[in-house]
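Protein chains: 4
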Amino acid sequence: MTDTNDPLVDAQALAEASANALWSRDRATQGLGMTIDRIAPGQALMSMPVRPDMLNGHDTCHGGFMFLLADSAFAFACNSYNRNTVASACHIDFLAPARLGDVLEAEAIERSRSGRTGVYDITVRVRGGKTVALFRDKSYRIEVQVIAVQGLSPAHREPAQERP
Amino acid sequence: MTDTNDPLVDAQALAEASANALWSRDRATQGLGMTIDRIAPGQALMSMPVRPDMLNGHDTCHGGFMFLLADSAFAFACNSYNRNTVASACHIDFLAPARLGDVLEAEAIERSRSGRTGVYDITVRVRGGKTVALFRDKSYRIEVQVIAVQGLSPAHREPAQERP
Amino acid sequence: MTDTNDPLVDAQALAEASANALWSRDRATQGLGMTIDRIAPGQALMSMPVRPDMLNGHDTCHGGFMFLLADSAFAFACNSYNRNTVASACHIDFLAPARLGDVLEAEAIERSRSGRTGVYDITVRVRGGKTVALFRDKSYRIEVQVIAVQGLSPAHREPAQERP
Amino acid sequence: MTDTNDPLVDAQALAEASANALWSRDRATQGLGMTIDRIAPGQALMSMPVRPDMLNGHDTCHGGFMFLLADSAFAFACNSYNRNTVASACHIDFLAPARLGDVLEAEAIERSRSGRTGVYDITVRVRGGKTVALFRDKSYRIEVQVIAVQGLSPAHREPAQERP
Chain A
1 MTDTNDPLVD
11 AQALAEASAN
21 ALWSRDRATQ
31 GLGMTIDRIA
41 PGQALMSMPV
51 RPDMLNGHDT
61 CHGGFMFLLA
71 DSAFAFACNS
81 YNRNTVASAC
91 HIDFLAPARL
101 GDVLEAEAIE
111 RSRSGRTGVY
121 DITVRVRGGK
131 TVALFRDKSY
141 RIEVQVIAVQ
151 GLSPAHREPA
161 QERP
Chain B
1001 MTDTNDPLVD
1011 AQALAEASAN
1021 ALWSRDRATQ
1031 GLGMTIDRIA
1041 PGQALMSMPV
1051 RPDMLNGHDT
1061 CHGGFMFLLA
1071 DSAFAFACNS
1081 YNRNTVASAC
1091 HIDFLAPARL
1101 GDVLEAEAIE
1111 RSRSGRTGVY
1121 DITVRVRGGK
1131 TVALFRDKSY
1141 RIEVQVIAVQ
1151 GLSPAHREPA
1161 QERP
Chain C
2001 MTDTNDPLVD
2011 AQALAEASAN
2021 ALWSRDRATQ
2031 GLGMTIDRIA
2041 PGQALMSMPV
2051 RPDMLNGHDT
2061 CHGGFMFLLA
2071 DSAFAFACNS
2081 YNRNTVASAC
2091 HIDFLAPARL
2101 GDVLEAEAIE
2111 RSRSGRTGVY
2121 DITVRVRGGK
2131 TVALFRDKSY
2141 RIEVQVIAVQ
2151 GLSPAHREPA
2161 QERP
Chain D
3001 MTDTNDPLVD
3011 AQALAEASAN
3021 ALWSRDRATQ
3031 GLGMTIDRIA
3041 PGQALMSMPV
3051 RPDMLNGHDT
3061 CHGGFMFLLA
3071 DSAFAFACNS
3081 YNRNTVASAC
3091 HIDFLAPARL
3101 GDVLEAEAIE
3111 RSRSGRTGVY
3121 DITVRVRGGK
3131 TVALFRDKSY
3141 RIEVQVIAVQ
3151 GLSPAHREPA
3161 QERP
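For the record, the sequence lines run as chains A, B, C and D.
Residue numbering for the first sequence follows the working numbering, beginning at 1 and increasing consecutively.
Residue numbering for the second sequence follows the working numbering, beginning at 1001 and increasing consecutively.
Residue numbering for the third sequence follows the working numbering, beginning at 2001 and increasing consecutively.
Residue numbering for the fourth sequence follows the working numbering, beginning at 3001 and increasing consecutively.
Treat the hints as calculated values from the structure; they're not laboratory data.
Since this is a predicted model, take the numbers as computed values, not measurements.
Built from N, CA and C at the ideal position, the CB exists for glycine as well.
It cannot be assumed that every hint is accurate.
Claimed, not checked - To list a few chain C residues with every Cβ distance to chain A over 10 Å, as calculated: (1) A2013; (2) E2016; (3) Q2030.
Said to hold, decoys possible - Quick partial rundown of chain A residues pointing at chain B, CB under 7 Å, derived from the structure: (4) D53; (5) F67; (6) A89; (7) H91; (8) I92.
Could you put together the complete structure from these sequences and hints?
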């Protein structure tokens, strides 16, 4: 956190602090070689190289690892407001295969956020190449903070809201 | 394969042989502790215990591991006709969390198959308990056999078809 | 409503009364020639003949009219507990075309219901023929009754619940 | 069509000619008060006022009419290359209700196109207001032209392709 009262600075600092807290707790993805390339309120860009142990019986990257990468980008984007948020639904279109040695990039962007739910688009590309999968995820906010923040500006103390 | 000409026996034997061939090649899922509990033409039941390394930052089973299990059940179901088949789309509703020690079961059932595409429903449950996720996957058949089969009955030599 | 205290009879009577109330208010679908063939708690079967004004530029039934029929079956199924419920998401796979003179049937079945949300599968078939579309709809309950019911058994006075 | 050989001009002229041909044949949507506000290769913007006969039992615009508008924008976008193309799947998130007198706008944008399939995002907004629904549609090209075009530049005589 910063000592300024600029809400934009605060929002970016909060997004980064939430990402750090979430990352440190996530045993499932730490071993997969992912990196966080960019984080912002409602947005995240992550990357992951395709390793030999990620190949399926067709010798292409198993869809489950594309899912894990996209899901992580989604999680960092929708938890960037320091409100614990989970996926309630996910729709995926697989467009092309990825191969050993490709570096996959997943970019998550918020399309809508209202009450407790949001919609995020996550585009998975081969770095420097084609789009391999499109994800659209629905988020649902549960009533717990990602990090306990003291001295947080009132704007972040959003009251619990019902879906409209 | 069997030496009988009963098409039902043949179809079941082919489903089992395809499952064995696919399993032996799938480096991505072999380490996850999955078992194949039942296989039949267009159907599969798989299970997997939730391990500590499958937990996410909310201390529940990461959705990516539910995806990996459901995707495997889907793959065994839609490859059971010995035609290489991949997922072209996937829709998921996450209903409830799964926890450490739960045994997850994924049951894949064919809802439709026509030309090169099919639709499969995969229900993921905690063994002896509640349903935790519903998957609906779309399959697309590529023109390669899972296993090279000699003496296969003509019914299995389905000609390449266009989608209607 | 009935004068019995049998909860199953009550549930069926409530489903029928909710369907009647919803139907009488729905200006959008009354002109489309739909009939309610069966109604039960969490289930509905509706039918609709394909008319000339439902054909699209490909001379097959416009997907929008399949949607209207499936959506009505969904609405009767998920409003059958006398709690106003709307669709929050819908996933459709179109499998085959329907033609002029076909009678379409949409059968809605509840797959999951918990807190304020539910998941329903709606299968659209040509009567006596093939399946033409598969819908999976997510419901969200808003806090209003479909019909004001006096003397309703306490089981129906479900308290407002949060999503888990 | 124009007498120039500029492929961009040709592509735009082809998009407009395809839209006109499709519109003239579409009995289902002509009576709904839609207008085509913009058309371009892979894109379309359409609008439609919410009328009293489009209201459902909750007194808001029936989702089926949002579907019809979004589906039309999708159809004009994906048929803009003069290849008959239909929806094979559709995923919808309903975000907010629309009311009597609102003018709905649906903007369709191509996200991916490869072989016979494509993915399109269609955003439905109240004019001058909020987003009410997000659609993601999958297209499948059938082997017929929307309009018979003479003297069409070779670039438009795309050979039939398989999905990769």
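Cross-check of the supplied hints:
{"no.": "1", "hint": "A2013", "in the structure": "30 Å, holds"}
{"no.": "2", "hint": "E2016", "in the structure": "29 Å, holds"}
{"no.": "3", "hint": "Q2030", "in the structure": "27 Å, holds"}
{"no.": "4", "hint": "D53", "in the structure": "6 Å, holds"}
{"no.": "5", "hint": "F67", "in the structure": "5 Å, holds"}
{"no.": "6", "hint": "A89", "in the structure": "5 Å, holds"}
{"no.": "7", "hint": "H91", "in the structure": "5 Å, holds"}
{"no.": "8", "hint": "I92", "in the structure": "4 Å, holds"}
Checked against the numbered hints given earlier, this structure breaks none of them.
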